[in-house]
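Visitor: Each chain, written out:
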Amino acid sequence: MRTDRLVLGAFLALLLLVPAILSPYYVTLLNYIGLYAMVALGLVLLTGVGGLTSFGQAAFVGLGAYTTAALTTATDLPGWLAWAGTSPWLTLAVGLLLTALVAVLIGSLTLKLSGHFLPLGTIAWGISLYFLFGTMESLGGHTGISGIPAIGLLGWTLDEGGEIYYLIWAFLLVAMLTTHNLLDSREGRAIRALKGGRVMAEAMGVDTSRSRMVIFVIAALLACASGWLYAHMQRFVNPTPFGVHIGIEYLFMAVVGGAGYVWGAIVGAGVITVLKQWLQNWLPSLLGATGNFETIVFGLLMVLVLHRAREGLWPILKKLVPVRALRKTIDPDAEPLPRRTLPKAGELILEAKDVTRRFGGLIANNNMSLEVRAGEILALIGPNGAGKSTMFNQISGVDTPTSGEVLFLGKPVAGHDSREIARMGMSRTFQHVKLLPTMSVLENVAIGAHLRSDKGVLSSAWRLDRAEEARILKEAARQIERVGLAEYMYEEAGSLALGQQRILEIARALCADPCLLLLDEPAAGLRFREKEALGELLRKLRAEGMATLIVEHDMDFVMSLVDRVVVMEFGQKIAEGLPDEIQQNPAVLEAYLGGVE
Amino acid sequence: MDMSIALILSQDGITNGAIYALLALALVLVFAVTRVIFIQQGEFVAYGALTLAMMQSGVLPATVWMLVAMGALVTVLDGGLALKAGQGRRAASVAGWNLGYPLALAAVVGGLAVNELPLAVQVLLTLAIVVPMGPMMYRLMYQPIASAPVLVLLIVSVALHIAMVGLGLLFFGAEGQRTPAFSEFSLELGPLMVSAQTLWVVVVSVLLIVALYQFFERTLYGKALRATAINRVGAQLMGISPTLAGKLTFFLAAFIGALSGVLIAPITTIYYDTGFLIGLKGFVAAIIGGLASYPLAAVGALAVGLLEAFASFWASAYKEVIVFTLIIPVLLWRSLRSHHVEEEE
Chain A
1 MRTDRLVLGA FLALLLLVPA ILSPYYVTLL NYIGLYAMVA LGLVLLTGVG
51 GLTSFGQAAF VGLGAYTTAA LTTATDLPGW LAWAGTSPWL TLAVGLLLTA
101 LVAVLIGSLT LKLSGHFLPL GTIAWGISLY FLFGTMESLG GHTGISGIPA
151 IGLLGWTLDE GGEIYYLIWA FLLVAMLTTH NLLDSREGRA IRALKGGRVM
201 AEAMGVDTSR SRMVIFVIAA LLACASGWLY AHMQRFVNPT PFGVHIGIEY
251 LFMAVVGGAG YVWGAIVGAG VITVLKQWLQ NWLPSLLGAT GNFETIVFGL
301 LMVLVLHRAR EGLWPILKKL VPVRALRKTI DPDAEPLPRR TLPKAGELIL
351 EAKDVTRRFG GLIANNNMSL EVRAGEILAL IGPNGAGKST MFNQISGVDT
401 PTSGEVLFLG KPVAGHDSRE IARMGMSRTF QHVKLLPTMS VLENVAIGAH
451 LRSDKGVLSS AWRLDRAEEA RILKEAARQI ERVGLAEYMY EEAGSLALGQ
501 QRILEIARAL CADPCLLLLD EPAAGLRFRE KEALGELLRK LRAEGMATLI
551 VEHDMDFVMS LVDRVVVMEF GQKIAEGLPD EIQQNPAVLE AYLGGVE
Chain B
1 MDMSIALILS QDGITNGAIY ALLALALVLV FAVTRVIFIQ QGEFVAYGAL
51 TLAMMQSGVL PATVWMLVAM GALVTVLDGG LALKAGQGRR AASVAGWNLG
101 YPLALAAVVG GLAVNELPLA VQVLLTLAIV VPMGPMMYRL MYQPIASAPV
151 LVLLIVSVAL HIAMVGLGLL FFGAEGQRTP AFSEFSLELG PLMVSAQTLW
201 VVVVSVLLIV ALYQFFERTL YGKALRATAI NRVGAQLMGI SPTLAGKLTF
251 FLAAFIGALS GVLIAPITTI YYDTGFLIGL KGFVAAIIGG LASYPLAAVG
301 ALAVGLLEAF ASFWASAYKE VIVFTLIIPV LLWRSLRSHH VEEEE
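Protein chains in written order, with the UniProt record's numbering: chain A, 1 to 597; chain B, 1 to 345.
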């Protein structure tokens, strides 16, 4: 029996029994915890995993609650909308749709900007909506709307705390399962790359703006569903629970519980809800005044958590529960992913013409030209600061040249998105390794296959992607074995030595099935045997027709491997030719060793 | 609407806009130097106004005890470190500034009949109490995690904001306060009566902006802050301590906040939680400047003030909604201009 299933089973059994054994007070408390945890779960996805945040979640809860409240209590809905007021289940659909629209609107305004514009934007949106709820007469103003009907389910009317309890927790568990599945998939890897790996993810073809939008919308939908349940549990809504300060409280729940973990949402919601109850009873009598003094404790507690345990409580609790993480299995029978047809040897793959890149007064690349053909390895060498990595960035779309042209497979690509270029068949590694240190080597490499697969968010969330996922993992495992990292497949990528991390990047680039490989200092930090193995691999790829552009400082490695060499100094090309010619070239010798006076 | 109403509304708008401009400048400064999004700026406004109001009603403002408590914590932390390193003199100086000063201030404010003192002295005492909380807050709350991602720093700011609102309720109660005007005369300009307080606000704001400009252009500390804002690591390598830069920035921000509070307290009733909305309007202005440009932020602040004034005339119930919705076109414009994907810090 798997320990994780055992623990989960015990937890579910306990949940089922709660209304039978606990008093209504505790059932109500658990109802609130369930509702809050659902909102906090959205923030786990958004903040803990995606590195974004929102203080406006309470407003989304309000949108869900007010939509259903207004529609189910209205007596004079216009004809075209009359259908919506007939059942709470229909208003749930309307609410979710409305929320998605609003979230997409806010998201498209802020998500392309740096990460802190979203929280600021959501504060403003949260305040606006709160005031709107409070001032619109049709929504009952500050007194709110009462007389909301209970939810009916299969002939049952859920009008008591112990009944709606099951609905709330069923919603929450489904949401948790969905989120968990989503994170463990192709889309999930893209989402997990948002925090600290956006440039890399874009280079692997992930549309990170879209991934940000996806998690923002999901978080908003979870909040909306929570609001819908809330409205039908309370049978009454007013603006108070949807203000910005409650939005802040939701964020606290996620952070205190453990913003990076699905279960952190429940822990955080539980701790904050119980603490709030307790503080609200206890603080006013202690301080001799009435008011929401719990915010003082919450605020300081929050700072303490962020200072001392930024990961929240869940990782600490998890150590107490004897559950081991499962290894992914590689299905050897999975069908291989489709491959692109490589161009014929000798065909022109990449052509850079007069590429110039200025940073203010500094000219990092000046009229740089080079070309790479299929089945050829071209080395770009030069002293430190010559502008080699800048040139890489111009070619791969991470940066845009000030002037000049880059043709890839005959098409101009300068100024295009890196993911567009990646889709055309260019794949790269980075001089400063860019990988996701807490993810396994296998999953890091699997990001490379992003563009060779297409299962989206919904199929991931409901596990309709398993056949494709098996193909992706098999391909990732194949590339890992190919570069010689098989024994580290399940280790955390961050635990590898720097040289091995570089090799991991090559496996990830290969996983994209490119026809042009850009390698930025792949041999740095490698031992002699590892370098030999790398040289062997690159020769094999060349024989298969791969075009490779390599920046490298190790001259023995370069000269024994490559077909042609381009030498840069101060942003300009100073020489080009066969390795033997370059080693004799006086300009090159001067650049590397200094001139003879 | 006729001309005279438009003039009155413009006057309101410019007065508030001047305050928002000050706050926006402080927000841009704090973000540029420390990457902290200073949500609790508004609480400094409220603390400034309400501390002054309490002095005027003859009550010892509880903020002075907050200063003592924060100072004591700093003394324990920094004094302890200094003692461990065997720097007795340093420990004494830490204790003097962080414990001796607040206690002395408490003795002065508690011992004198502050409600009978001239207004200028009351204002100075208010600033003396509220402003040092800025650098102390940086020391206690931000310095231990100065290199954390922007998002974490932002959450800390929000946490401190709600803690300060709760404390504000405890210190000042739920009642709103309004202090008497600095001076009574008013100026008649054609159809328009300009009150003295309006002039005070506008003149002090302009003077402060000029003074800040001089500080950043002419003084070594000002240049050090600018250097830190442009390149944190580079500035550190040049010997500019990021801790000092952080404390200095928070000092300036707290000063601007508290002074703004003192200035507007005679114009509008301030409650313990009023600061948040005032601070956020400063934010809207700062966002107009992309959290980076001072002149754009100042222009944005005037726009926010004017929009607010006219909105309160045409659709007063929707005033806040209209002001906060203003950031949507601003964000849209910024969003359309941004192209490349950047790594978050």
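Possibly wrong hints are sitting among the right ones.
Stated by the list, open to error - Label pairs and their calculated CB-CB ranges:
#, chain 1, residue 1, chain 2, residue 2, range
1, A, Q280, B, A69, 17 to 27 Å
2, A, Y490, B, T243, 55 to 65 Å
3, B, W65, A, D4, 48 to 58 Å
Since the hints were made in silico from the structure, they are not lab data.
Don't be surprised by glycine CBs; every beta carbon is placed ideally from N, CA and C.
Visitor: Hints first: check each against the structure and report whether it holds.
Guide: How the hints compare with the structure:
1. The hinted window of 17 to 27 Å between Q280 of chain A and A69 of chain B holds, with their beta carbons roughly 23 Å apart.
2. For the pair Y490 of chain A and T243 of chain B, the beta carbons lie near 42 Å from each other, so the given range of 55 to 65 Å is not met.
3. W65 of chain B and D4 of chain A have their C-beta atoms about 51 Å apart, which keeps the hinted 48 to 58 Å range intact.
Of the hints listed earlier, the one the structure fails to meet is number 2.
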